[in-house]
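Trainee: Here's the letter readout for the chains.
2 protein chains.
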Amino acid sequence: MPAASCPLCTPQDETLIWQDESCRVIQVDDPDYPGFCRVIWHDHVTEMSDLPSLEQQHLMSVVLATERALRALMKPDKINLASFGNQVPHLHWHVIPRYREDAHFPESIWGRRQRESSPGQAPEREILAHWITSILGHPGKPTGGTVV
Amino acid sequence: MPAASCPLCTPQDETLIWQDESCRVIQVDDPDYPGFCRVIWHDHVTEMSDLPSLEQQHLMSVVLATERALRALMKPDKINLASFGNQVPHLHWHVIPRYREDAHFPESIWGRRQRESSPGQAPEREILAHWITSILGHPGKPTGGTVV
Chain A
1 MPAASCPLCT PQDETLIWQD ESCRVIQVDD PDYPGFCRVI WHDHVTEMSD LPSLEQQHLM
61 SVVLATERAL RALMKPDKIN LASFGNQVPH LHWHVIPRYR EDAHFPESIW GRRQRESSPG
121 QAPEREILAH WITSILGHPG KPTGGTVV
Chain B
1 MPAASCPLCT PQDETLIWQD ESCRVIQVDD PDYPGFCRVI WHDHVTEMSD LPSLEQQHLM
61 SVVLATERAL RALMKPDKIN LASFGNQVPH LHWHVIPRYR EDAHFPESIW GRRQRESSPG
121 QAPEREILAH WITSILGHPG KPTGGTVV
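Same order as they appear, the protein sequences are chains A and B.
Residues 1 to 148, numbered by my numbering, are exactly what the first sequence covers, in order.
Residues 1 to 148, numbered by my numbering, are exactly what the second sequence covers, in order.
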């Protein structure tokens, strides 16, 4: 059930990349971090361990398909994954391509800024969507058997 | 194969909570964050998507069993999960119980400190180990079918 005032229950101005009946992948508009994606569970759930096992597996399969697609398209030095929800306690994952010369490396992007950076280009939305779809198969209901 | 000079390949002074043939859960010594655990894949692998699907599922089942055990024992306001590896590119997950009055809330623990804090007690190591074992079943080889 949607939670009143939760910005992830009633999304506005999201740049949608991919979705199925359970979750969606959006592009995060951060000029320092092209390719930064967020994977958001549609229902208002707070923690991963609030989900049944098959839904946990499905959500992680989408997170890791996004990771694989970003690695293939952007060749980052590292991928960072995080699920916090301290400010918005609605289950979502950050998937962030990182480079040694980016603004915060080797700190997390929530740490102290290390330098000015000259970020590259994010992949085209349609190309990223195509890769995620190819890795996951067609969007559909979670089966728990998605091959990552 | 262990990587030369990787501190997670050749662990020293770790406080081990639980392990099986694939990964281990250790207690992180951070006075601001009692209960902070790290789940470390034994082999020197960099990214989640470097693992086969069943091993990804097994690692996440251990991460989420740790989450469930910490929630049951510590009743945190939120759990934070993160896998960065920017400084040590050997696959590991941070599992952090968070409280509204902790040192950084609602920021990540890698963000700006918000206040002095008076952290509570970490659970006894043996009790946490017992909970993780109970949730996962007996330690053993990854099966991909572990119920979280």
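Where hints are given, some of them may not hold.
Heads up, simulated SDA-like pairs for lysine to any residue below, C-alpha to C-alpha not over 25 Å straight-line [said to hold, decoys possible]:
#, chain 1, residue 1, chain 2, residue 2
1, B, K75, A, D50
2, A, K75, B, D43
3, A, K75, B, N86
4, A, K75, A, S118
5, B, K75, A, K75
6, A, K75, B, V88
7, B, K75, A, S118
8, B, K75, A, T46
Which residues of chain A face chain B? A few of them, derived with a C-beta cut under 8 Å, are [claimed, not checked]:
#, residue
9, H44
10, V45
11, E55
12, N80
13, A82
14, S83
15, N86
16, S108
Quick caveat, the hints were computed from the structure, so don't treat them as lab data.
Backbone N, C-alpha and C define an ideal beta-carbon position, used for all residues, glycine too.
Trainee: Evaluate each hint against the coordinates.
Mentor: Hint by hint, here is what the structure shows:
1. B/K75 / A/D50: 14 Å, holds
2. A/K75 / B/D43: With a Cα-Cα distance of about 22 Å, the restraint between A/K75 and B/D43 holds, given a limit of 25 Å.
3. A/K75 / B/N86: OK: A/K75 and B/N86 at ~15 Å, within 25 Å.
4. A/K75 / A/S118: The given pair, whose Cα atoms are some 16 Å apart, holds under the 25 Å limit.
5. B/K75 / A/K75: 40 Å, violated
6. A/K75 / B/V88: The given pair, whose Cα atoms are some 18 Å apart, holds under the 25 Å limit.
7. B/K75 / A/S118: Given that 25 Å is the threshold and the Cα spacing comes to 42 Å, the pair is violated.
8. B/K75 / A/T46: Between B/K75 and A/T46 the Cα gap is close to 14 Å, so the pair holds against 25 Å.
9. H44: Status violated, d = 14 Å.
10. V45: 12 Å, violated
11. E55: 10 Å, violated
12. N80: 5 Å, holds
13. A82: 4 Å, holds
14. S83: 5 Å, holds
15. N86: 4 Å, holds
16. S108: 4 Å, holds
Taken one by one, the earlier hints fail for this structure at numbers 5, 7, 9, 10 and 11, listed in ascending order.
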